[in-house]
Amino acid sequence: MAGDVYKIQDKKIKPDALYNAVLADSDGAVTTFAGVVRDNTKGRGTSYLVYDAYRDMAEKKMREIGKEVKEKWEVDCVGILHRVGRLEIGEISVLIAISSPHRKASLEACHYAIDRLKQTVPIWKKEVWTDGGEAWIEGDPSALASR
Amino acid sequence: MNIKVLFFASCRDLIGTGERKMTLPDGATVTDLISKLAMEQARFTDMAPSLMVSVNQAYVERDAKLQDGDEVAFIPPVSGG
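Heads up: the protein sequence lines correspond to chains A and B, in order.
Residue 4 is where the first sequence starts when you use my numbering, and the numbers rise one by one after that.
Residue 362 is where the second sequence starts when you use my numbering, and the numbers rise one by one after that.
Be careful, since some hints might not be right.
[Unchecked claim] Pairs of lysine-lysine residues, derived as DSSO-like cross-links and limited to a Cα-Cα distance of at most 30 Å, are as follows: (1) A:Lys129 - A:Lys107; (2) B:Lys397 - A:Lys45; (3) B:Lys382 - A:Lys129; (4) A:Lys10 - B:Lys382; (5) B:Lys397 - B:Lys426; (6) A:Lys70 - A:Lys121; (7) B:Lys382 - A:Lys70; (8) A:Lys45 - A:Lys17; (9) A:Lys14 - B:Lys365; (10) B:Lys365 - A:Lys63; (11) B:Lys426 - A:Lys63; (12) B:Lys397 - A:Lys63; (13) A:Lys129 - A:Lys70; (14) A:Lys10 - B:Lys397; (15) B:Lys365 - A:Lys70; (16) A:Lys14 - B:Lys397; (17) A:Lys63 - B:Lys382; (18) B:Lys426 - A:Lys121; (19) B:Lys426 - A:Lys17.
[What the hints assert, rightly or not] Stretch-level coverage of chain B by chain A, calculated; a stretch enters the list once three of its residues show a Cβ under 8 Å from a Cβ in chain A: (20) 365-372; (21) 392-401; (22) 434-440.
[Unchecked claim] Part of the chain B face toward chain A, derived, beta carbon under 10 Å: (23) Pro386; (24) Phe405; (25) Ala419.
No lab work stands behind these hints: they were computed from the structure.
Here a beta-carbon is modelled for each residue, glycine too, at the ideal position from N, C-alpha and C.
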């Protein structure tokens, strides 16, 4: 039985589980997006990342994104997972999976969902670089206007 | 009134803790809370303009009135994804 998923988690994200969670027999498409830890930021080597979240509010804001998506597109189920804690290079930080009867809706909805997540969901990334430096990364404050 | 105040990411590092219990006069607003924190930690004044504030997990404006038992959070520009 397919359903929506909105979760902040400590353990590794497994793409198959979310894909299967949103897929029903009446769906003709599933679009997935994975955000992955890259080994550099503008050429500065990244050692690992640490993600922090305001967990309860983050899950609430992800649920709101799911609601917005369903108002805008003919989609079936929405799944959004975000990991917190220490993440190594190549690991998945965020995974979105959206199912729909026809492909266009889930393709567009998935793009919208990741953009909204980056604007409104209270999650923060700390970069720890190979040269020993580290810093919390701050997003674009102009997203304030579109919270 | 007594409220719970949460700090995240760079803001938590500045304040030195992720959670505080605070007492404010009845009728106090988010702005009053910011002023109180700024008196304790001067650098909070510089950081405050970039912070979003939530009350009970919904974003609010600075003039929002606080109530006993509220959970207030200071939210630096988010960088998830």
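Structure-based check of each hint:
1. A:Lys129 - A:Lys107: violated, 35 Å
2. B:Lys397 - A:Lys45: Answer violated: Lys397 of chain B to Lys45 of chain A is near 39 Å, above 30 Å.
3. B:Lys382 - A:Lys129: holds, 26 Å
4. A:Lys10 - B:Lys382: Holds, at roughly 27 Å.
5. B:Lys397 - B:Lys426: holds, 15 Å
6. A:Lys70 - A:Lys121: Status holds; Cα separation ~16 Å.
7. B:Lys382 - A:Lys70: violated, 33 Å
8. A:Lys45 - A:Lys17: Status holds; Cα separation ~28 Å.
9. A:Lys14 - B:Lys365: holds, 28 Å
10. B:Lys365 - A:Lys63: Status holds; Cα separation ~19 Å.
11. B:Lys426 - A:Lys63: Measuring from Cα to Cα gives roughly 22 Å; hence the hint holds.
12. B:Lys397 - A:Lys63: holds, 29 Å
13. A:Lys129 - A:Lys70: With a Cα-Cα distance of about 29 Å, the restraint between Lys129 of chain A and Lys70 of chain A holds, given a limit of 30 Å.
14. A:Lys10 - B:Lys397: violated, 34 Å
15. B:Lys365 - A:Lys70: With Cα atoms ~29 Å apart, Lys365 of chain B and Lys70 of chain A stay inside 30 Å; holds.
16. A:Lys14 - B:Lys397: Given that 30 Å is the threshold and the Cα spacing comes to 38 Å, the pair is violated.
17. A:Lys63 - B:Lys382: The given pair, whose Cα atoms are some 23 Å apart, holds under the 30 Å limit.
18. B:Lys426 - A:Lys121: Roughly 28 Å separates the two Cα atoms, so the pair holds.
19. B:Lys426 - A:Lys17: violated, 43 Å
20. 365-372: holds (count 4)
21. 392-401: violated (count 0)
22. 434-440: With 6 residues in contact (Cβ-Cβ under 8 Å with chain A), the coverage given for the stretch 434-440 of chain B holds.
23. Pro386: This interface hint is violated because 26 Å lies over the 10 Å limit.
24. Phe405: Hint on Phe405 of chain B: violated, closest Cβ of chain A at ~15 Å, above 10 Å.
25. Ala419: At about 8 Å, which falls below the 10 Å cut-off, the nearest Cβ of chain A leaves the hint on Ala419 of chain B intact, so it holds.
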